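Going down the list, the sequences are from chains P and D.
Its first residue numbered 1, the first sequence is counted upward by one per residue in this note's numbering.
Its first residue numbered 1, the second sequence is counted upward by one per residue in this note's numbering.
Bear in mind the hints are in silico, worked out from the structure with no lab data behind them.
All figures in this text were calculated on a predicted structure; none of them were measured in a lab.
Any given hint could turn out to be false.
To give an idea of the chain D side of the interface with chain P (calculated C-beta under 8 Å), a few residues [said to hold, decoys possible]:
#1 Ala33
#2 Asn63
#3 Val65
Distance ranges between label pairs, derived from CB positions [unchecked claim]:
#4 Leu50/D / Leu181/P: 42 to 50 Å
#5 Leu92/D / Ile129/P: 49 to 57 Å
#6 Gly195/P / Ala52/D: 49 to 57 Å
#7 Ala198/P / Phe55/D: 51 to 59 Å
Just so you know, even glycine gets a beta-carbon here, dropped at the ideal spot from N, CA and C.
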Amino acid sequence: MDPFAPLRSRLAPPAEALAQTIAERVVGLVVGALDLNALLAEIDLNAVLAQVDLEPVLDRIDVNSLLDRVDVNRLLATVDLNQMLSTVDVTALIGRVDMDQVLQQVDVNEVIGKVDLNAVIDRVDMNAIVQRIDLEALVEQTDLGAVIAKSSGGMASDLVDAVRSRTVGVDESIARWVARLRRRPYPGPPGPPAGLQAAAAS
Amino acid sequence: MTARTGEVRPFEPPPAARESLQGHYAGFASRFAAFAVDLVVLTGIFLLVLAAINFAASVLTGNSVHFNRGNIWVVIAYAVWAFIYFAHFWGLNGKTAGGALFGVQVVTNDGEDVSGRRAIGRTLAFPLSFLILFLGFLGILLGDQRRALHDVIAGTTVIYCWDARAARLRMLSRPRYSAPRTPPESPSLPESPSQADPSADLDQAG
């Protein structure tokens, strides 16, 4: 028979209570002293993610039902995305994802239906796009030229165009010659009148 | 759309006529050429009318009428006809026959259409530019708005009214500027780079 058994049975409860109190106090002090952000910064997320096989995990997840249960806006509001992304090698992560499989689960028509195309087009500078098109090469090298030829005049209009072009060339030669005599730079054909400029602008 | 090959370019417009000059002030050569055509047209019509009158008189009276430049009535009739010709066309749409041919148009300083009154004023002031030893036309060469004396008096100017860029695109679209590629003369000849690569023909033609 253990001679200390009565003593142990009498001291054990208060000792356990004391140990519990001390442990709670110590844990509270340790947790309070820990800088979780610094601790997270120490963790190499890339190394952790490298050990995870994402494909079977993604296969088992019903993304749509999961997203239905998550208040994404509230979740995202609490996340410092910049800080998180700065620690992640996004390129390597994307390289491991089978995008075809992901896209098969996405209803593209529904996504496009949510896009306001008019707003997108309003933000596009169509004039700048048109300016980048080489119309002469387009007309010269494609059947579009034949369409234009069918819709416009014949030999007479070509002759008139040629005569006008030549005369404009002579106009410019004379203007440059006069500018040289006057020792002034020639910036090109002047105009148009103010009224025409305003009409073109409107 | 398919590519056309073997381009032959018989006419290449000057650089100034590759961009649209529509609305810019017309230069001396265009205006002078337009005036020369107008002179030919109005003189031709006048001579035709004189010939018709001569023919009618010979049929009706049996005597032919001889018109010459010494006849004051012929000169007056010619001046009146020229006045009607220019005033009518400038007031109508700013374009005479010559102006329409060379793509120039008379407009007001602000680019508006010329009214009938302004067209008459311009026609009356037109001879002044000649009478002062053609000095009235110096403004076309030296002025920023290329205005002659009669333009200044009438408050008008002359602009290009044709789209040079559109004309160039029309010209480029003509199928007759494309010539079929000649086949190789002998099949035994080694294949040339241009035969091997059709785009090489385009590069050489372009």
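Now the hints, each set against the structure:
Of the supplied interface hints, the one on Ala33/D holds, with its beta-carbon coming within about 6 Å of a beta-carbon of chain P, less than 8 Å. Of the supplied interface hints, the one on Asn63/D is violated, with its beta-carbon coming no nearer than about 43 Å to a beta-carbon of chain P, more than 8 Å. A distance limit of 8 Å between C-beta atoms decides the matter here; for Val65/D the minimum to chain P is near 37 Å, and the interface restraint is violated. Distance hint check: the CB atoms of Leu50/D and Leu181/P are about 44 Å apart, consistent with the given range 42 to 50 Å.
As the Cβ distance of Leu92/D to Ile129/P is approximately 40 Å, the hint placing it in 49 to 57 Å is violated. Distance hint for Gly195/P and Ala52/D: a CB-CB separation of about 43 Å, inconsistent with the stated range 49 to 57 Å. Between Ala198/P and Phe55/D, the C-beta spacing of about 54 Å keeps the proposed range 51 to 59 Å intact.
In terms of the numbered hints stated before, the structure departs from hints 2, 3, 5, 6, listed from lowest to highest.
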